[in-house]
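Taking the hints into account, I'd like the entire structure generated from these sequences.
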Amino acid sequence: MGCCGGRTILFFILVLQMLVVVERQVFDFLGFMWAPIIANFIHIAFLIIGIFGAYQYRSAYVITYSVWCLIWFGINLTIMSLYLEIDRLTHKDDWLSLKTGHQSWWAENGIGCETKSSTNDGTESPTDGCLLLFTYVESVQAAAECILAAVGSPGLLQMKMTILTSLVVLILILLTTHLQNHRECKCNQYICPLEKEVNFVEK
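Going letter by letter, the sequence shown gives residues -24 to -1, 1 to 179 in mature numbering (1 follows the signal peptide of the UniProt record, and there is no 0).
Careful, some of the hints might be misleading.
Quick list of in silico lysine to aspartate or glutamate cross-link-like pairs, DMTMM-like style, CA-CA up to 25 Å [said to hold, decoys possible]:
#, residue 1, residue 2
1, K75, E61
2, K75, E(-2)
3, K68, E84
4, K68, E(-2)
5, K75, D63
These are calculated hints, taken from the structure and not from any lab test.
Following this line, the structure appears as C-alpha cells:
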C-alpha cells in the first residue's frame, strides 16, 4: 500500500474502527447488553473482511464491508434514538439487553458519579452529581461509530451532507435535552429560590 494512498487511509480507518468497537464491546459485556454485543461481533467480522480487502486489494471484500457500513450506521442511529428517547423509542423497554433486565455498565459506574449502598444486599447505585449521564455516554459511543462508518464507507461518503446534517441535528437534540435536565436538577436542588421567595411574599 502506498503512503497516504486511498487504501492506506481506508486501512487506517478500519483499524481505528476495530479499536473503538473492541472498547465498546468490553463495556457492553460488563453490562450484559446482549443486543449490542451480538451486533458488535458481526461488525468485527465485517471489519476483518474490510481490513483483508484493503490490504490485499480485493474490491469485492471492500464493497461487502461498505454495504455493511450502511446497516451499521442505521443500527447506531437506532441506539442513539433509544438512549436519547426520541419520539416513542426508549432504552427502558429493555430490548438492548434482550429482556434480561440488565442495563448499561455506565448506569452504575457513571463518569463522576458518587455511589452509595442502597439495597440490603449491598449493591451500589449512582447518586446525583454525575458529570455525564450514561445515556449520553452510550449516545456518544454510537455517534462515534456513525462517524467512522460514514468516513470508512465510500457509499456513505457520497451522502456526506445528509449524514452531516443528521449528526448535527442529533447533537443539538442531545445538548437541548442535557440543558433541560440540568435546569430541572438545579431547580430541584435549590427548590427554585426565586419561586420560593415569591410564594413567601404572597403569604
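Of the hints stated earlier, which fail here?
none
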